[in-house]
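If you read the sequence shown in my numbering, its first letter stands for residue 125, the second for the next number, and so on.
Honestly, the hints are just simulated from the structure, not real lab data.
C-beta atoms are modelled at their ideal positions from N, C-alpha and C, and glycine is treated no differently.
Possibly wrong hints are sitting among the right ones.
Claimed, not checked - Cross-link-like lysine-lysine pairs, in silico, DSSO-like; alpha carbons within 30 Å at most:
hint, residue 1, residue 2
1, Lys559, Lys132
2, Lys547, Lys132
3, Lys447, Lys415
4, Lys304, Lys278
To be verified - Ranges between beta-carbon positions, derived for each pair:
hint, residue 1, residue 2, range
5, Gly309, Leu480, 53 to 59 Å
6, Gln327, Asn503, 35 to 41 Å
7, Ser154, Gly309, 49 to 55 Å
8, Ser468, Arg493, 20 to 26 Å
9, Tyr535, Glu417, 21 to 27 Å
10, Val215, Ser154, 19 to 25 Å
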Amino acid sequence: MRHNLLRKIFLLAGDWAGLYLTLFLMIRVSYGANWLVDWHTHLRPFSWIFPMWIAALYATYLYETRFFRFSIDTLRTISTAILISSIASIVAFYAFPPGLLHPRRDMILFTLIYALFLISWRWMAFRALRSRVKTPLVFLGGDEEVKELQKYFKENPQLGYINLGLIEIKGDYLEQIRNKISSDGVSLVVVHAPSNNPKFTQQLFSLFSNEVVIMDLEEFYERTLNRVAPNILTDTWFIQNLENLSLDFYLFTKRFFDILFSIFGLILTIPLYPIIALLIKVESRGPTFFKQERVGKNNKVYRVYKFRTMQAISSDGSAETGKPIYARVGDVRITKIGKILRVSHVDELPQLWNILKGEMSLVGPRPIRPEFMEKLSENIPYYDMRHLVKPGLTGWAQINYGYGITIKDEYVKLQYDVYYAKKQSLMLDLAIVLKTIKSIFAVRGR
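Please put together the full structure from these sequences, using the hints given.
Structure (structure tokens):
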């Protein structure tokens with residue numbers, strides 16, 4: 125874990141230095157001999173926007189371990205981050221004019237130079253880092269979580285973890301660990317401690333030197349996969365880990381930004397409603413807007429608003445005549461205009477009314493229908509715990525897992541939702557919003 129943090133800091137330092145190097149090169153190219161005067165003119169306003177560029181790189185996952193290797197996906201993601209950053213910078217310069225600067229001309233050249241720098245720098249950094257740091261580890265105890273982590277390490281060798289297997293907590297397990305440390309150079313032991321063995325921890329720690337790190341399996345799983353381990357959810361766990369649900373300042377600030385966002389969002393998007401309504405009506409009969417029940421915070425049911433994207437089959441304008449069913453890939457009920465609205469997420473714009481009313485938040489678990497809620501609660505333990513927080517327009521599960529329709533999908537998404545409930549903060553909300561912007565630019569939809 126420490127090595128991964130150092131690699132992220134190394135990349136961050138290079139990305140940050142590259143912004144100032146790019147600014148220097150842009151000024152030399154644009155202003156020639158008088159570059160020193162223009163350097164001082166540009167330094168302060170550009171320094172104000174540079175955090176947006178770093179935030180965009182973070183939002184597009186470019187500091188996460190899966191991008192420690194260079195690939196076509198890396199190039200595509202870098203392009204997305206730079207596009208978001210450059211647009212945001214131009215908007216910022218026009219909204220708050222920095223004086224003698226020429227935002228459009230300067231940002232085009234700056235963007236081109238930084239794109240070349242970032243691609244070159246990341247390629248060289250990845251080549252230098254990919255084989256430098258290795259972490260031999262062994263698992264002590266555990267079952268399904270260990271198998272999942274071992275599979276993840278195999279699929280992501282750039283993480284640098286050398287998996288030396290699983291030792292069960294029985295027999296001479298202490299001697300087996302001692303042999304692994306001395307012969308294989310194990311530096312990390314991930315432990316799933318038994319609950320009925322009070323002497324276990326004392327015996328375990330007596331074996332190790334300062335060069336060996338011991339980490340709890342639950343914490344290691346959470347840090348590596350950014351979701352809670354599925355088999356640790358109990359009544360006691362929720363009591364111990366969800367105390368941040370009562371953080372008044374966070375909830376007040378989040379509600380303030382929800383109101384602000386929904387008001388500005390409605391002002392900007394309401395002029396589009398007549399055009400969208402006309403397109404929907406021209407293609408198919410039925411209402412423009414679609415209302416449907418969803419389960420909100422504390423299991424309170426409310427009505428969510430969307431633009432209709434399916435054929436209006438029933439008398440109430442819905443696309444169902446019997447039992448409720450999920451929308452699927454290639455669903456014949458989806459209209460041509462509806463497909464565009466879904467892919468672009470424009471169909472969800474009316475939910476800004478739900479956010480303004482306080483039934484939803486900008487960030488939170490995806491709202492689910494009561495009919496599905498009942499079925500999933502019967503099959504997934506603690507599924508209703510996701511409703512300890514308000515549902516959201518976007519959320520941690522949506523950006524990390526996407527759309528799913530099976531029980532298994534919903535079980536994995538619950539792990540992400542509970543992780544969000546445990547870790548929720550303004551910084552995590554900001555990260556989710558930025559990463560959602562990235563997914564919109566990548567044109568993902570249902």
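Now the hints, each set against the structure:
Among the hinted pairs, Lys559 with Lys132 is consistent with the structure: their alpha-carbon atoms are about 18 Å apart, no more than 30 Å. With a C-alpha separation of about 21 Å, the suggested pairing of Lys547 with Lys132 holds against the 30 Å cut-off. For the suggested pair Lys447 and Lys415, the alpha carbons sit about 17 Å apart, so the restraint of at most 30 Å is met. Only pairs whose Cα atoms come within 30 Å are accepted, and Lys304 paired with Lys278 is accepted, the gap being roughly 20 Å.
Distance hint for Gly309 and Leu480: a CB-CB separation of about 58 Å, consistent with the stated range 53 to 59 Å. Remark: the range hint 35 to 41 Å for Gln327 to Asn503 is upheld by a beta-carbon distance near 39 Å. The hinted window of 49 to 55 Å between Ser154 and Gly309 holds, with their beta carbons roughly 53 Å apart. Between Ser468 and Arg493, the C-beta spacing of about 23 Å keeps the proposed range 20 to 26 Å intact.
A C-beta distance of roughly 23 Å is found between Tyr535 and Glu417, which places it inside the suggested range of 21 to 27 Å. Checked against the given bound of 19 to 25 Å, the beta carbons of Val215 and Ser154, roughly 21 Å apart, stay inside it.
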